[in-house]
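Protein chains: 2
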Amino acid sequence: MGEQSLNITFPDGSQKEFPDGVTGYEVAESISKGLAREALSVTLDDEILGLSRPIHKDGTITINTWDSEDGKYTFWHSSAHVLAEAIQELYPDAKFGIGPPIEQGFYYDVDFGDTDFGQDDLEALEKKFIEMARKKSEFDRQKISKNDAIAFYQKKDNPYKLDLIEGLEDGTITFYTQGEFTDLCRGPHIPHTGKIKAVKLTSLAGAYWRGDENSEQLTRIYGISFPKQKMLEKHLHQVEEAKKRDHKKLGKQLGIYMMDSMVGQGLPVWLPNGTTIRRTLEEFLRDEQKKRGYQEVITPHIGNLELYRTSGHYPYYQDSQYNPIEVDDEGYLLKPMNCPHHHRIYSNELHSYRDLPVRLAEFGSVYRYEQSGELNGLSRVRGFTQDDAHIYCMHEQLKDEIKNCIDLTQLVFSTFNMPVDIRLSFRDDNEEKYGGKAEFWHRAEKEIKEVADEVNLDYTIARGEASFYGPKIDFIIRDAIGRKWQLGTVQVDYVMPERFDLTYVGSDNQKHRPVIIHRAPFGSMERFMSILIEHFAGDFPVWLAPIQVSIIPIADDHNEYAFKLAEKMKRQDIRVEVDHRSEQIGAKIRNAETSKVPYMLIVGDDEIEKETVSVRRHKEGDIGTFDFSEFISNLKTEIDNKELAKHTNQK
Amino acid sequence: MGEQSLNITFPDGSQKEFPDGVTGYEVAESISKGLAREALSVTLDDEILGLSRPIHKDGTITINTWDSEDGKYTFWHSSAHVLAEAIQELYPDAKFGIGPPIEQGFYYDVDFGDTDFGQDDLEALEKKFIEMARKKSEFDRQKISKNDAIAFYQKKDNPYKLDLIEGLEDGTITFYTQGEFTDLCRGPHIPHTGKIKAVKLTSLAGAYWRGDENSEQLTRIYGISFPKQKMLEKHLHQVEEAKKRDHKKLGKQLGIYMMDSMVGQGLPVWLPNGTTIRRTLEEFLRDEQKKRGYQEVITPHIGNLELYRTSGHYPYYQDSQYNPIEVDDEGYLLKPMNCPHHHRIYSNELHSYRDLPVRLAEFGSVYRYEQSGELNGLSRVRGFTQDDAHIYCMHEQLKDEIKNCIDLTQLVFSTFNMPVDIRLSFRDDNEEKYGGKAEFWHRAEKEIKEVADEVNLDYTIARGEASFYGPKIDFIIRDAIGRKWQLGTVQVDYVMPERFDLTYVGSDNQKHRPVIIHRAPFGSMERFMSILIEHFAGDFPVWLAPIQVSIIPIADDHNEYAFKLAEKMKRQDIRVEVDHRSEQIGAKIRNAETSKVPYMLIVGDDEIEKETVSVRRHKEGDIGTFDFSEFISNLKTEIDNKELAKHTNQK
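Read top to bottom, the protein sequences are chains D and H.
Under the working numbering, the first residue of the first sequence carries the number 92, and numbering increases by one thereafter.
Under the working numbering, the first residue of the second sequence carries the number 92, and numbering increases by one thereafter.
Same shape as in the complex, but just chain D (with noise of 0.2 angstroms):
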């Protein structure tokens, strides 16, 4: 502090020297115009800072634009103080609670009296909303005295923030203002409104204060902006592109799955048609897995308390846990992760470097603990199956393992014409942060980035966000819709070798720790399958779906015949079904076509006599008249080659 200049680091490692007291907008300047106008805030260190603020110390800078995590934060947050900027110019009255940034946009809670509010207000709110935005107004940011504080609210009649101010200590308190409104606040905000192109006011909700349903009921306002008008409107066409495609809604009508708060909360209980999907799916990896020399296991569903002791999983991550069961002097946990598991069937024979890589894999179920209110479909549930695999390899094997668990990974994710965004998450200076030996760190990180370098990966580096064990690559996929999950991630992990004593006889006949890859394409059956029903809105490809033939017999005179095809068909594997209800034909297509079925096929004298099929693809109708054998031919090759449907093929 107060040196003359300062050692700023950047994300890519590289370091620069600057005057002390340099704002964030500065640094951003040094490094293009073009990122400085871009530029929201920066991040230094942990900290959020608004680009005017000086800097006075030494730190690891990155400069947040919009399409950061903490660009948006920033961004959102202003965009929360401009929502309460124009409800005082319309309802001066108004007394304002907290208004926080979400991780989709931001509210603001507001006790509006005697005054109604309601869902028609919202577009009047809107205009004035953008009309003070469209004033430019700088966020000015002063600090202020814990009297003067309150001084303030008592003035504006405020009970809300004179609740929050009697909780700060008196020095750190700061108030922020931009055009005409004042705000009790932390910061940080954008340089000044005029950045906030566009706004949606999506909703509105009751919220008591602090949450206590004693206490005052206020009106939560829900809102969303964005930089760019063209991005409100792709946003707005995107809820309703997921609206349709919601897995919970396609997962009941297609009988993927149930939740039953008699089962039990957040365990989602897999009905057939989600049933044959998981199992194509695990069928489909088990075939890759068996290809790379992986070796499949089964283990139980419950491990002795020793296992997690030894792993350091208990009691540290408890909250995550279901407790434990007592079992005679025992302890044992619903298992939370396969890891400890595969540890000891490594350590249960010697291994030599000879037999390395050991590859062991499972389609392991775990339970999480999560809040009931967390619980979300298939997307936040207590209990999943990972797709889990553990690779034991000697240090030398590490660049060509994790290769293949690229090369698996890659593979998965094109299959399903999902593009993938690639993360090599290292470790940031924080040393106490992470386990294991510096050089090993040091080898693994260059090791992973030569890596990825080789197989021309297009990925970005993101330091600080390694795991406690090891560094990591994370796959982030983009959905139909253009929504980004992350899935699969390749761990590199020194600790638990420690932890669980595992080693193998070298050629020097000493014993040695091995490395272990820790990866999952998938990462959960049930996450990836909420994914994956809204990637395809429910219209999987023929080697997913669930009924992938629907056979159709005009009148009951045709049923016979119709039920000699599905015969012929199952013998070939192929998932048919005949709807031999006696309903009008229109009927039965508009059945198959709500239930997604991939083919329909009209059979009738027309049909049995020339030994062919009419056939009706989902969504496109009638695609011709074919010979029975050259439509099987066609779909098993269909099915073989795993293809997406044109329709599906979107983006």
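Don't take every hint at face value.
To be verified - Simulated crosslink set (DSSO-like; lysine-lysine; CA at most 27 angstroms straight-line): (1) D:K381 with H:K661; (2) H:K490 with D:K382; (3) D:K381 with H:K537; (4) D:K247 with D:K148; (5) H:K679 with D:K727; (6) D:K661 with H:K490; (7) H:K382 with D:K661.
Hints in this document: simulated from the structure, not taken from any laboratory.
Model the placement of chain H on the given structure of chain D, informed by the hints.
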């Protein structure tokens, strides 16, 4: 009582009148002289009686011969007395503790005082045993007052029997005397010692009096006896064979499973080879189930206590369950069975009579508490996976569904060459033991019997062996060394549809209750695996073998060719390995033999030149040279047909 005649019911339901005071022997003789000769005791309702005991009440009687559990029980109980008699002859100062029959034989706990008694003394004791048995001494039953009983054992200075007598009520005490030996005993016994023709005293152990380690330590002598010398020889041979086939030894040697106290007691971990076999078994059953219209589901491994309160399994069966897990304000149980989860799936949607039967199948892992002393390899575990299914059907469909289940179960066991005995387990007159309406029971038992006759089953009927909720069919298989194991059951259930309020809408537009069939051919994958290992002595048929082919290059030069062959085989889903170690060919063959790999392909210069392979069959040796493609095609046929190897095809 005291009436002039008794109404005696036989197991087949027929009835006969006998004079009051008739003996079991006389009842047996009324059926046939031969039966009377074979009879060892009778079971009247739930009580086993000696053949000479006069009967004074109506009841259902079973004549117990050596072939029945109760018969063996009586035989071995009497054998314990003969053992004591022999000991008394050789060691007059020995004091006796308790001497009960057990599952396989009997034991007696003896205090030899200062006299040494060891392994070497067993042979002489066996001789004396047979000498005593040949006397054909009858077992004479005397009622004795408590005082007289105490006086008797005070005179013998036997603190153990005195301790036992203390806990008995005066008026209920009986002594049994054969030859010179008298014992405190409730009976019953076989007619005379001469029925025992062969004995083997198998082992010695220390045993604390009443299992209390602060009490005196006695010597426990274990033995087993038979009505024929040949039976003993067969038994000893079987014990020898069983030892060689022990699944715990082979399970380890062949890498099938492991047990690990750090993972937890009674929780088997399936190693790669075991997992391969299990997956193959599952796939086999899954295919067969698909053909029969089953739908697979996947349910979580825990369930809300509400499920088990509804089914009645909680809190009534708590002893065999793990303790509940507290989650927020709910209780969860590691699921002890899959049924309630499936019932909830059934009631997740409305069912019309047109949708029935609904057949839900799951390889469902369940957890049941067993005392740690009872745990035994894969035979008795705390966590296991059932090949479970529940069929929900209309009563009119019951017969067809039962046929379907019998057919599947028989197919399964015939595939492994396991002959099956079938037992129809019906209810007895003790109506309180059973749930559900009497008319349904009557109808279901009638229909089960009709089905059994229609498909020409060779069955026995066991009254009183039904489960609480309905009659069942039990499948008892015989393994390659003649041991019997109860596997697959088919159970009819009228109770759970009521408890879970399961309904379907009939053609009359009214709600009706479906009936449920519970069935599981393998029963438990773990227990079945243990039986399979012992049945095949680890020499699995090729379709099950974890490694089907081991390619053995004669020298390093031939490795490349070997790998090329392996690649070709893998593409045809053949499980193959190449033994490319720089070892002598003899060592490689020995290694493959130890691992019980069915086929070894020896490849050298000759084979490469002619594109052939020299084939060795496990346990058979060289079977000749084949064109590679011819070998593959034969092998594929053997696998697809699930052929049994000739040498495992015994019995």
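Hint check results:
1. D:K381 with H:K661: holds (10 angstroms)
2. H:K490 with D:K382: Violated. K490 of chain H to K382 of chain D sits at ~46 angstroms, over the 27 angstroms cutoff.
3. D:K381 with H:K537: Violated. K381 of chain D to K537 of chain H sits at ~50 angstroms, over the 27 angstroms cutoff.
4. D:K247 with D:K148: Not satisfied, since the Cα-Cα distance of roughly 38 angstroms exceeds 27 angstroms.
5. H:K679 with D:K727: violated (42 angstroms)
6. D:K661 with H:K490: holds (26 angstroms)
7. H:K382 with D:K661: holds (9 angstroms)
Taken one by one, the earlier hints fail for this structure at numbers 2, 3, 4, 5, listed in ascending order.
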